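Visitor: For chain A, the structure is supplied; the task is to place chain B on it using the hints.
Letter by letter, the chains look like this.
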Amino acid sequence: MIAAGHLPLATIVAQAFQPVDQNYLLQARQMQALSFATHIPLVCFGIAFPAMVVFVEWLHLRTGDPLYRTLARRWSKVMAALFAVGVVTGTILSFELGLLWPNFMATFGDVFGLAFAIEGISFFLEAIFIGVYIYGWGHLSPRAHLLSGIPIVITGFTGSWMVIMVNGWMNHPTGFTVRGGQVVDVHPFHALFENSYFWHELVHMYLAGYMVAGFMTASVYAWGALRGRWGRYERTALVIPLTIAALASPVQVVVGDWNGRTVADNQPIKLAALEGLSKTTKGAPEHILGWYTNGEVEYGIKIPNLLSLLAYHDPNAEVQGLDTVPKRDQPPVNVVRFSFQTMVGVGTGLALLGVFYLVAWLRLRRLPRSRWFYLAVGAAGPLAIVALIAGWITTEVGRQPWIVYHVMRTEDAVTGASGIPVGYATLALVYLGLLGAVVWILRRLARAPLDLEESARVAG
Amino acid sequence: MSLAEVPLILILVGLAAYAVLGGADFGAGFWQLPGGGSDDARAIREHAHHAMGPVWEANHVWLIFVLVVCWTAYPTVFGSIASTLCVALFIAGLGIILRGTAYALRSGTRTMREQRIVEEVFGVSSILTPFALGAAVGGIASGRVPVGNAQGDLITSWLNPTSAMIGAIAVASAAYLAAVYLAADAKRVGKTRLVQAFRTRALIMGFVAGAVALGALPVIHADARPIWDGLTSGAGLAAVFASAAAGLTTLILVWQSRFEPARATAAVAVSAIIAGWALAQRPYLLPGLTVDEAAAGRSTLITLIVGIALGALLLVPSLALLFDLVLKGRFDAEAEEPAAAVAAPPPRPQRSLLLPVAGGCAVVGAVLMFFFDSAWLNVVGALFLFAFIATGFVALARPAVASGTDDQA
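Protein chains in written order, with the numbering used here: chain A, 1275 to 1734; chain B, 25 to 433.
In isolation and in its complexed conformation, chain A is listed as follows (with noise of 0.2 Å):
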């Protein structure tokens, strides 16, 4: 019915997603960034949240005590609000990705959309398990409730492992050949579950969203406490996250040195970026704090052969500079490693907060008494979002100018629609409306009056 056109298929479909002269490229990359930031914290709820509100509720069968499943239900209503903010910034998160970026899609889609579709899946599993979760207290067995809940936690690994190996093949692209300027002989299988280069960023998101959920969480009852609020309820809401947080904090380092040694064997431009190294460099240094100039950090503190002994656990290795690329293929150093060492300072902080706890805990069996420690455990939760951010800005910045790592560029997949600035605008003024009504909406559930007696009478 529709005209077919005469010339050979690929010579127009390779005609239609040439590179476009898009002047608002910074925009759409803020854009987008704007929606990951919005969209990753929440993300780390839906890891995390499941896990602690299911043992909650498996403390309340194996004891019996009416106040675990309290806690249980009002934390599952935070669950509930949360997963459905997560949910449309996700769905934004989809549009985008063509909205934005059409060139990378319509040329690459096929090589990691598997990816996506199996997080479709284990998202649609989520959804209808967190439906039958929520409304199925006190409408399910004790025993049938626990156990809708448990796939809700095993999804939330599942989706988050699929989104980043999507980012992993971004970083380190294979299952695919370019001839003539078009992707043939795709292989997906191959280019997702077969390319190693995701399993360091999974870990690493993954203990990152129980350090963002756990002392996020704990953050808001330390709050409380420092005003007074503190009964055996309010202390079980701190330890759960508080615990889980403490442990993974210090894991985190560990699996951010394993991190650091990845990027240095498979993207050493993305490295020299996080210190600011322009030349290659044996037995390099590493600044901490200072600003990259004509190719020097200045006003950085220097500790010599640092950096070295980081990226490749010797002192005196030999690590390549910026300059080994011409600059059009260097990453914006600045924003790189100021995100690096805000990422690596926080982080370093909230390990040494937990491994405090965790040592006071097992010496004295009881929480700190000293108001310092809950002060900083109020500050933690704030921080640790943004280290998160500080995090997947270090690892999306520093790729730059890369979309699909050394195959194409960021500003040959943008859109060539105008208006972007626009769009950009227009979802910044919701999203700040979205973030004030989230804050609305927590601080209400919170001030919904505890019914520790009337569960305490149901349960006899």
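No lab work stands behind these hints: they were computed from the structure.
For the chain A half of the interface with chain B, some residues (derived, Cβ under 10 Å), not all of them:
no., residue
1, 1371
2, 1381
3, 1401
4, 1461
5, 1464
6, 1477
7, 1513
8, 1522
9, 1587
10, 1632
11, 1693
12, 1711
13, 1716
14, 1722
Simulated DEER-style distance windows between Cβ atoms:
no., chain 1, residue 1, chain 2, residue 2, range
15, B, 321, A, 1293, 17 to 27 Å
16, B, 59, A, 1293, 48 to 58 Å
17, A, 1707, B, 177, 28 to 38 Å
18, A, 1630, B, 321, 46 to 56 Å
19, A, 1681, B, 381, 37 to 47 Å
On a predicted model such as this, the values are computed, not experimentally measured, just so you know. Every residue gets a Cβ at the ideal spot worked out from N, C-alpha and C, and that includes glycine.
Guide: For chain B alone, kept in the frame of chain A given last:
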């Protein structure tokens, strides 16, 4: 049917499911829009809100499913549609954000005024989103989306006569579906006044949706001749007749207050028209681009189809479980049982092997992670570290919680 067409079938199934289930959710938002402080008006809004509850999230995953299959199996089609129709899709996206947020907020509202604000945002976005998505479909169906990166007109690709009619049909049929489904739900919980209210609404919206569909015919004839030709001949025509017959049957069933079978026939009416669109456009996805030409390589198609088939083994029983629980009224408010008293098992000795095990896992994991270069040994190390976190958590959190005797901050 070729291998290249299989993902298209999956997309159409996803679209039909989204149009029926997601559509009913949009319609439920539509019916929360009218205000009114009377008890009846409030009861109608409450019912429309609560009926969506357990299935709300799942119903909207169908859209993600459609997008994902499209960009995997027909990447150039996805790139072309998303770039040319970016304005319509962005508006739909904004509507989706507003709806999701309003839905999450409603449980926190305390006063009637707060609730009305939330309901109005929800209602307006429940009209905006299906309209924008319908308009995007109209752009594709009327051949206004050429292959390529934003090669079509950013405005007229979705603001045109065909898009306007399909957007209107989407809104009207969503409201119609919702009224039928809400009447059925009201009947299940035995609320006669609500049954009557939604029966009336279903009958009115049924006529409105039918009238809009008839009104669309001359518009499509004038504006999108190829799709008109496809819909008025062969298999396309058969699908249109099937849809019309199912729509009429639904009206008769609603008139007779037989809502459960009406659920099914209403779904058939919506699905048939989506099938009709596909049949009318066959074999083209976009102007000059057939399904076979647009499809990804064999390896991608096969892994995608196998992946979805394996996923369906988990997905279908899970969906069946959810809808079974909902439709049998297991989640209805009246069915809540008091929390069963859980007998506490006898206390166990607190000393356990967990702490030493956790310490061992930490050491083994850190060594594997730190001193080995093989990616696989590193991954095994990561697993040991996870085991450390899990065992450490169980070892520490339970006694910590149980012995919360200090009460000073």
